[in-house]
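A.B. asks: Taken in order, these protein sequences are the chains called X and Y.
All you need for our numbering is the position in the first sequence, starting with 1, plus 146.
All you need for our numbering is the position in the second sequence, starting with 1, plus 56.
Mixed in with the good hints there might be a few duds.
[Claimed, not checked] Chain X residues, not near chain Y, derived (Cβ > 10 Å throughout):
no. : residue
1   : A177
2   : K181
3   : P206
4   : T214
5   : E226
6   : K291
7   : R297
8   : E307
9   : P309
10  : T334
11  : D352
[Stated by the list, open to error] Cβ pair distances, simulated, as ranges:
no. : chain 1 : residue 1 : chain 2 : residue 2 : range
12  : Y       : G109      : X       : E218      : 56 to 62 Å
13  : Y       : T89       : X       : A319      : 41 to 47 Å
14  : Y       : S102      : X       : A210      : 14 to 20 Å
[Unchecked claim] With the C-beta cut set under 8 Å, the calculated list includes, among others, these residues of chain X facing chain Y:
no. : residue
15  : A200
16  : Y294
17  : A333
Calculated directly from the structure, the hints in this document are not laboratory data.
Heads up, the beta-carbon is just placed ideally off N, CA and C, and yes, glycines get one too.
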Amino acid sequence: MRNPVKKSYRKMIDGAALFEERRSELAPAAALRFKLLPRKPDTSMKGVELKVEADSLAIPLKVAPDQTFTIERNRTALRENAEVMPNRKAGTMTWRADVRTPGLPPHVRRLGDLRLECEVGMKAGLISNYPQGLLGWLDGLIGQKPEYCHRAAPRYLFFAEQPIFSVTLVDGARREVLPVDMLYGGATRDPKWKQDKYCDCEALFDHAYFVPLGDTSWPDDTRVEIEYMGPSS
Amino acid sequence: MKLIVAVCVLLAGCAATNGPTPLAPGEVRSAVTAGNALTIGKSTKSDVRAALGEGTVVAFPSGYDVWVYREHPPSSGELVLLFEPSGILSKTRVR
């Protein structure tokens, strides 16, 4: 395929290594997968095939029905600067780390999991096409390191399983509904959001939310409770 | 003396017009009070527009709309409304 939506294998392996390094602190019971997401409204996620490709090898990766996959270390692939390459063109899909502590309901995430998702995602270079100056809220994300995630309110977008109406942080008796500006990629503050073709949330605006990752008053066990627009399915 | 009189006249003028600042589109005095004026499952977009004026609208391709009203004077208070594709208010949230 010409111009595929590829990522650096080495960076993704670096991201997986960071996950192992930071897991005991942030998400001891969690597992890491990577996830493919549609970036354009007309992108079909059916039949996505994925492989690690370099000069002398092509290793197929198994993509689960939820579009997640894992990645293994391979010396040859590292030496040859392999790329992780789906059968889709650039600009049609985006990527995220997927860190999940088992046992939570589908509409609940754990803040420590999200903190680690952000760090792995930044290390693995999964964020793409947030150009400087075109989307002020997301400016400067490219080229940032995992430490970016330690800011009080980093603009690292998470995507819920369904369109969201509300996100609430819950730590024991303490509850805080996130402001609407932290949903929908900041669309409520950006009247031109519909014209934006650079955010990788273009197809999933209504699933997107930010979280105050670096606010240490919220512990890693904080529940991030998501209320969907429609009934949960 | 003339200066004192002039200042007094100016102050009186200010006092006479010192009412609440007019609300801009998307602003409400109280998010709670504004939310109480609406009925989930019944209020339409026209009803909300008549009661609260224009909000900040985010219209999604799915047909759902989110309307936002922020408190004025500025605070962290906000009222968020969700309209179903049919145009009926389906959820509200006050922060």
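A.B. asks: Evaluate each hint against the coordinates.
C.D. replies: Hint check:
1. A177: holds (31 Å)
2. K181: With a cut-off of 10 Å, K181/X remains clear of chain Y, as the shortest Cβ separation is near 21 Å.
3. P206: holds (33 Å)
4. T214: For T214/X, whose nearest Cβ neighbour in chain Y is about 24 Å away, the distance exceeds 10 Å, so it holds.
5. E226: Since the minimum Cβ distance to chain Y is about 41 Å, E226/X lies beyond 10 Å and the statement holds.
6. K291: Given that every Cβ of chain Y is farther than 10 Å from that of K291/X, nearest at about 31 Å, it holds.
7. R297: Holds, since 20 Å exceeds 10 Å.
8. E307: Holds, because the least Cβ-Cβ distance between E307/X and chain Y comes to about 14 Å, which exceeds 10 Å.
9. P309: Given that some Cβ of chain Y is not farther than 10 Å from that of P309/X, nearest at about 6 Å, it is violated.
10. T334: violated (5 Å)
11. D352: violated (5 Å)
12. G109/Y - E218/X: 56 to 62 Å: The hint (56 to 62 Å, Cβ to Cβ) holds, given that G109/Y and E218/X are roughly 57 Å apart.
13. T89/Y - A319/X: 41 to 47 Å: With Cβ atoms ~27 Å apart, the hint is violated.
14. S102/Y - A210/X: 14 to 20 Å: violated (46 Å)
15. A200: violated (39 Å)
16. Y294: violated (25 Å)
17. A333: For A333/X, the interface hint holds, since the closest Cβ of chain Y sits about 5 Å away, which is under 8 Å.
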